[in-house]
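Once you have looked at the hints, place chain B on chain A.
Residue-level listing of the chains:
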Amino acid sequence: MNTIPEQNFLTAEKGLKSWLTTLDHKRIGILYLISITFFFFVGGLFALMIRLELMFPQDEFFIKLDDFNQVFTLHGVIMIFLVIIPSVPAVLGNFVLPLQLGAKDVAFPRLNLASWYLYMFGASFALFSIFTGGVDTGWTFYAPYSTTIDRSVISMTMAVFIIGFSSIFTGLNFIVTIHKLRAPGMTWFRMPLFAWSIYATGILQVVATPVIGITVVLLVLERLLGIGIFDPTMGGDPVLFQHFFWFYSHPAVYIMILPGMGIISETITAMAHKNIFGYKAIAYSSLGIAFTSFLVWGHHMFVSGQSEFAAMVFSFLTFFVAIPSAIKVFNWIATLYKGSISLDTPMLYTFSFLILFTIGGLTGLFLGTLSVNVTLSDTYFVVAHFHYVMMGGSIIAFLAGLHYWWPKIWGRMYNEKLAKIACGMVFVGFNVTFISQFLLGLKGMPRRYATFTSEFAQLNGFSSWGAFLLGAGLLLTAIYLIHAVYKGKPAGNNPWGALTLEWTTSSPPPHNNFEKSPTAHYGPYDFDKIVVESTLDD
Amino acid sequence: MEASYSDRPKHLAHHFAESKQQYDSAKLGMWLFLLTEVLLFGGLFLAYSVFRAWYPETFVNANKELNVILGGLNTIVLITSSVTMALAIRSIQLDRKEATLKYLFVTLLFAFTFLVIKYFEYSHKFHEGQLPGKFYTFEGIDGTNPHIFFSVYFMMTGLHGLHILGGIGVITWMMIRVRKNEFSSQYYTPLELTGLYWHLVDMIWIYLFPMLYLIR
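Chains as they are written, first to last, in our numbering: chain A, 25 to 562; chain B, 457 to 672.
No lab work stands behind these hints: they were computed from the structure. These figures come from a predicted structure and were not determined experimentally. We put the CB at the ideal spot given by N, CA and C, even for glycine. Please note: incorrect hints may appear among the correct ones.
Claimed, not checked - For lysine to any residue, the following SDA-like pairs were computed, each having C-alpha atoms within a straight-line distance of at most 25 Å:
id, chain 1, residue 1, chain 2, residue 2
1, B, Lys-590, A, Ile-178
2, A, Lys-298, A, Gly-521
3, B, Lys-590, A, Ile-173
4, B, Lys-590, A, Pro-256
5, B, Lys-483, B, Ala-555
6, A, Lys-88, A, Phe-189
7, B, Lys-574, A, Leu-249
8, B, Lys-483, A, Phe-189
9, B, Lys-466, A, Pro-256
As the list claims (entries may be wrong) - Negatives, chain B to chain A, calculated, CB over 10 Å:
id, residue
10, Leu-495
11, Thr-540
12, Ala-555
13, Glu-577
14, Lys-590
15, Thr-593
Bound-form chain A, shown alone (with noise of 0.2 Å):
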């Protein structure tokens, strides 16, 4: 029988004062659990009401249409900045990283717990602009809409740039922590690819976000003081803050799905108990993923009137992109050939995301390419292709993920067939809510409307079932997952038989992560060469 160690992180102190003032890699990862789990379901419901509304075709069937257009850029600035961002690295990246790494703690704990309550700063803005006027410029706070209607844009926009700084300092101490702090035997290529993930990451948390920083403060400028910089009529130039947005914007998307990317590379080792195809090439693949999502954000703007010459250089260079996306997924197929594969929930997950991604990425061949876009841009065929990334991708790396470490932060373990079945009210609602909405586009419904002809009428209603769907399996994964943390079974130290380091030690983990310090004696996936049995009891 496993049981729970009486001495771990979450025994080590008691009270609320010891969870807010902690210094503990581990703990802080679970703060960041809990803030990004409530603003999700902020964001999901905001999701619900746009579905709500464009279930029939009647105007104001559920939201005012004035009211539309806030309720939209609601939905996509929180899940956007306050949850996809943050999600894997500041709690996963957070939790795992030290552990994977060997390490006691990342390099800097103070830093660590800054960035969270920077984080809940900058969320207090948001909710504060919410509760003031709110916005309806759409996540991406165009100019010169931005700059001159009568909402609470300079609260939304501050707490982009509060929460952009959060994410500099998690980027910043985890590029550090991975640099300087791996376990003896632990070489670059000893580490696991989750790793590799999250260090290509906090490149571009690093690297980019300083750039939508100060866009951010441009734009509170111009609307404090009329600078200009984004006013046509006083020789400014919109299509420059587009520039200056998805300068950094473009890397967000990476930002957003590279961890998860990581994610799938354990998952998919450990299910299949197999060694991963190809480390150095999904290792490598993560650094040109990186590298090339700076030069493609013209995409974002083919119809916005920049040169055409511009708009085929940065199309050609989008196609780059997919080169180093395929090479991680042709690696994790290849991985899957003649292993051992368990379809335990997150093996389910990781599947999922195979598929989703795909889907995803291979869309994003048709909007980067300049003739088709130009047909399908401001459709809903942008909205099903990002989400399908966004959604698809990074949120269900994130359930894989979270599904997969559960028992390693909790020490217990969820109801496995609850979870089975919410995983796969997750994949067919969310299927059901976007393949109707790539159908949608490609008829030609624009996105961002508050209503629609009757043509359009059953898709949408198709799609508003499958969210809801979605939306009740979600809820479901969180009543689980809650209740396994109180009355789960005891995991035991390695319920997957896995061979990275976090597996080696108690779970939940203690203080300092081990009881004496690790080395790397062999590689993360060595299944080839080590055999580990799984601590769950049957």
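Coordinates of chain B only, in the frame set by chain A:
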């Protein structure tokens, strides 16, 4: 391999095995932070390039309104303050606490001198109505959209000025820590990182000065 807790130096945090690892980590972290600063300013440098390419005449004419003497003086002030900062670090490496304090104090004086000179420059521009964007009322600069030049000027020098203010805060804090005997030749990492930051702020000015004051 790890030192037992009794013979670990006081400054060594629990999650590092040895002082050198902690020092290297802090330094790498600081360089990454400086990289983010470069990119933060990078946005403004880009805006500068775009508008200078669009309105070359305006930039040439408007820059004549800037005071090269005061700008040049400030350049000298900042470069000298970088020297005194480097001397402060050298002094702590030699365990000369009094000299360290003295050099930090001089650095602080230079920082204030920079801000005072900047204040005179700014108040002259306020007086003339050479202000950013919609507040611009000055007449007498040939070229389209002269207010854009002053938008760029005030944003760049303003953000830089905020960094000087931040530097003043950090240097003051370092002086307090030196007085409390927290640093010695064995451990002076925070002081060295402050130096790195101060040199970066200095260097940004070295780019701003010719870009804004010396267009001909």
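Problem - Violations among the numbered hints - result: 6, 9, 10 and 14
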